[in-house]
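Asker: Make the full structure from the sequences, and use the hints.
Protein chains in written order, with the working numbering: chain A, 1 to 269; chain B, 1 to 241.
None of these hints come from the bench; they were simulated from the model. These figures come from a predicted structure and were not determined experimentally. Careful: at least some of the hints might be erroneous.
[Said to hold, decoys possible] Simulated pairs of lysine-lysine, DSS-like, Cα-Cα distance not exceeding 27 Å:
{"no.": "1", "chain 1": "B", "residue 1": "130", "chain 2": "B", "residue 2": "54"}
{"no.": "2", "chain 1": "A", "residue 1": "183", "chain 2": "A", "residue 2": "200"}
{"no.": "3", "chain 1": "B", "residue 1": "159", "chain 2": "A", "residue 2": "137"}
{"no.": "4", "chain 1": "A", "residue 1": "183", "chain 2": "A", "residue 2": "91"}
{"no.": "5", "chain 1": "B", "residue 1": "206", "chain 2": "B", "residue 2": "159"}
{"no.": "6", "chain 1": "A", "residue 1": "183", "chain 2": "A", "residue 2": "95"}
{"no.": "7", "chain 1": "A", "residue 1": "137", "chain 2": "A", "residue 2": "200"}
{"no.": "8", "chain 1": "A", "residue 1": "137", "chain 2": "A", "residue 2": "159"}
{"no.": "9", "chain 1": "B", "residue 1": "159", "chain 2": "A", "residue 2": "95"}
{"no.": "10", "chain 1": "A", "residue 1": "183", "chain 2": "B", "residue 2": "130"}
{"no.": "11", "chain 1": "A", "residue 1": "253", "chain 2": "A", "residue 2": "268"}
{"no.": "12", "chain 1": "A", "residue 1": "91", "chain 2": "B", "residue 2": "130"}
The primary structure of each chain is shown beneath.
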Amino acid sequence: MNVNRRMKHPGSKGVDSVSAPTEREMIRIVGLSKWFGRFQVLNDINLVVNRGERIVICGPSGSGKSTLIRCINRLEEHERGQIFVDGTEVKSSSKDREIDAIRSEIGMVFQHFNLFPHLSIKENCTLALTVVRGMSKAEADAVAMRYLERVRIPEQADKYPGQLSGGQKQRVAIARALCMNPKIMLFDEPTSALDPEMIKEVLDVMAELAESGMTMIVVSHEMGFARMVADRVIFMDGGEIIEQNDPETFFNKPQSDRTKLFLSQILKH
Amino acid sequence: MLSSLIDDLITFAPPLAQGAVLTIALCLVSSVLAVAIGLFVCICRMSRNRVTSKIASIYIDLIRGTPLLLQLFYIYYALPDIGIVLPAFIAGVMGLSLNFGAYLAELFRSGIQSIEGGQSDAGSALGLSKWQRMRYIVLPQALRNIYPALGNYALVLIKESSLVAVISVLELMRAGELLASATFEAMKVYTIVALFYLAISYVVAKMFAMGETALAVPGMWGTAVSRDDDRQRGQIGAGPA
Ligand SMILES: Nc1ncnc2c1ncn2[C@@H]1O[C@H](COP(=O)(O)OP(=O)(O)OP(=O)(O)O)[C@@H](O)[C@H]1O
Ligand SMILES: [Mg+2]
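Answerer: Next comes the structure, spelled out in structure tokens:
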């Protein structure tokens, strides 16, 4: 795979003390904390993601990875701290309409695909284009076919999700998100529900997407993918960012003991 | 033998047919109202507003906890005590639609809740508003999941509509009763009444089967909602059969 590495993230931990988002920043998260009831899932998360940057987040189960990326498009609400997406703050006082608008700019791919089973593959891709973007059916169909070709399943356009394999479903989910021409793509363990032989076809599509310059945050334990595609790997545990670094340093010279333990556990498999 | 059966049909069917027409009218009006009531109560029941939700669930409990026969008596014989006098047909429609509305509200709720959160999440992530998610993602799937149970309720409604005979609505059952006591031909009359009910039920069942084919999506499976719901209805009882 010929992946052009982007610049490495400058520092390692935390954010620069300035809080106003700058032009090259796509996402800025400052002092983010979140609770589920009395249980604190996220604890003072600080993270800046630049335009075109590719980030892989890993960490043990329950460490808050999903919750963190779901806060970015407000599938989860946070209690403390600030989140800026392309300069706009996502906050509790935002109107529903503003949130919907921000969400339409952020693509998300889920572990269990979450395709709409009652809609054909093509309709899965065109629903938001027609309903949210107000496109005509013909225009939307054309966009859908373009992206289905890009993920290499145009021939499945008229089938239904229940008729596809897991790998095909996940590629449709990626196409569906890309149809909205998002600025950011969030992936929540996109390959962990897949049979081993289908993982590659999905990772290949993601790697191509990374090459195209898309800003990506990927929660994944696919360390091969992280090494090859990520600009930065983040390790989370107990709702905190424990360590972040470029993949070389992250895998070869992990700093904290928790990271070392985690890496030794997942590399054993 | 056969000719005598045909003779009986010619004699008894026409007076009963009028009753059948009224039964059909009763069921049509009641089912439309029951769906409307069911949707409304379901929305209230699922509302975030505690009071609204509580009122809806009290309504559901009251209706499901008492027999339909009692509800009909209440509307037709008890309401006049407080000055509300309703024509028998209207009272019958009210009883049936209020009763089935409560069951449908719970059926609709179970249908909506059977759609896993990930579906709505995917809609949200694409920028669909709350109502758009309901309209395009949740409801179409919920309808497919509850559809078999919905057909079941339609058939139950047709048969339970016979209860309004007791509040003097001249529908099929009551027409049969009157004809049987006037002619002393209970066997013949009630057999023909049964044939009418069977015919109406058959047509309705066929219509639902056609609808099911039209809604079918390749590779999409319904959930166990309908089965759960039938069991609930069986336990609490919708009134005497
Ligand atoms: N809706 C919720 N209500 C209550 N607790 C929740 C909820 N969602 C997640 N949690 C809890 O928050 C913690 C973090 O969950 P999260 O899904 O973010 O972890 P994760 O790092 O993505 O884990 P995994 O690798 O298993 O997906 C877990 O302990 C989880 O049980
Ligand atoms: Mg997760």
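Asker: For each hint, tell me whether it holds in the structure or not.
Answerer: Against the structure, the hints:
1. Only pairs whose Cα atoms come within 27 Å are accepted, and residue 130/B paired with residue 54/B is accepted, the gap being roughly 23 Å.
2. For the hint pairing residue 183/A with residue 200/A, the CA-to-CA distance comes to about 24 Å; that is within 27 Å, so the pair holds.
3. For the given pair, residue 159/B sits about 45 Å from residue 137/A by alpha-carbon distance, which is inconsistent with the 27 Å threshold.
4. Distance check on the hinted pair: residue 183/A and residue 91/A sit about 19 Å apart at the alpha-carbon level, within 27 Å; holds.
5. Restraint check: the Cα-Cα separation between residue 206/B and residue 159/B comes to about 16 Å, which is no more than 27 Å; the hinted pair holds.
6. For the hint pairing residue 183/A with residue 95/A, the CA-to-CA distance comes to about 21 Å; that is within 27 Å, so the pair holds.
7. For the suggested pair residue 137/A and residue 200/A, the alpha carbons sit about 33 Å apart, so the restraint of at most 27 Å is broken.
8. Annotation: proposed proximity of residue 137/A to residue 159/A holds, straight-line Cα distance about 18 Å (limit 27 Å).
9. Our distance criterion of 27 Å between C-alpha atoms is broken by residue 159/B and residue 95/A, whose separation comes to about 50 Å.
10. Taken as a hint, the residue 183/A and residue 130/B pair is honoured in the structure, with Cα atoms around 22 Å apart against an allowance of 27 Å.
11. Annotation: proposed proximity of residue 253/A to residue 268/A holds, straight-line Cα distance about 17 Å (limit 27 Å).
12. A distance of roughly 18 Å separates the Cα atoms of residue 91/A and residue 130/B; the hinted pair therefore holds under the 27 Å criterion.
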